[in-house]
Amino acid sequence: MELNLLALETSSSRCGVALLRAVDGRLAVSTREHEGSQEHAERLLPMANELLAASGLAPSALHAVAFGQGPGGFTGLRVACGVAQGMGLGLGIPVLPVVSHQAVAAQVADATPSDAIVVALDARMNEVYLAVYRPVAAREGEGGWEALQPPLLIAAAEVVPWTEHHLPVWSAQAGHGLNLVLAGDAWDAYAADMPHPAAWRRAVE
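Residue numbers (the working numbering): 11 to 215.
Don't take each hint at face value.
Computed beta-carbon distance windows for the label pairs [unchecked claim]:
id: 1; residue 1: L37; residue 2: P104; range: 13 to 23 Å
id: 2; residue 1: S65; residue 2: P207; range: 41 to 51 Å
id: 3; residue 1: S181; residue 2: A51; range: 41 to 51 Å
id: 4; residue 1: D34; residue 2: P207; range: 40 to 50 Å
id: 5; residue 1: G46; residue 2: Q183; range: 38 to 48 Å
id: 6; residue 1: P56; residue 2: H176; range: 21 to 31 Å
id: 7; residue 1: D195; residue 2: G154; range: 22 to 32 Å
id: 8; residue 1: L67; residue 2: Q183; range: 34 to 44 Å
id: 9; residue 1: L67; residue 2: R134; range: 16 to 26 Å
Calculated directly from the structure, the hints in this document are not laboratory data. Everything numeric in this text was worked out from a predicted model, so none of it was measured. No residue lacks a Cβ here, since even glycine has one placed at the ideal position from N, Cα and C.
Let the sequences and hints guide you as you build the complete structure.
Structure (structure tokens):
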């Protein structure tokens, strides 16, 4: 069995394309990235074509196309959504919207159900798009995600106290204490506004 899925991400200043290939139970992921929010519209489709060509695939070999639905800048989101819809319509394949924060959380290596992954993405103007996820065991042995906090817009200076206030609630919801794991570009972009306790660890993505 073979599955080829193309993913497009333009919700931040970085434009990204990923190709997931599953062949007989073996997974392979290849990516292309470009930094520069003003160039998403110019770079996205050529990057996708480059990635497919490097993998020896024609667009017709794709089974689905996914795109990051944000939250994020409207202009950037519109680029990925438009390209994904165009490819889906032209190729007759499903178009799959993905919450950008959950995609970031999924990149955290070795996350366990005892972790709460606090994803903070730069929203500019000293604001942050914040969401919190916990990996959980799903049916049939596959991993899933519990959204402890869906994406919201918050001032960078409020992120740490807000998180400290809600941690007991999330722990009660999980039924045990949680370790906080920090992911996303806002932890670097607003480091001065978001000083966090030493026990909160940065993710290895």
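Of the hints stated earlier, which fail here?
The structure conflicts with hints 6, 9, although it agrees with all the remaining ones.
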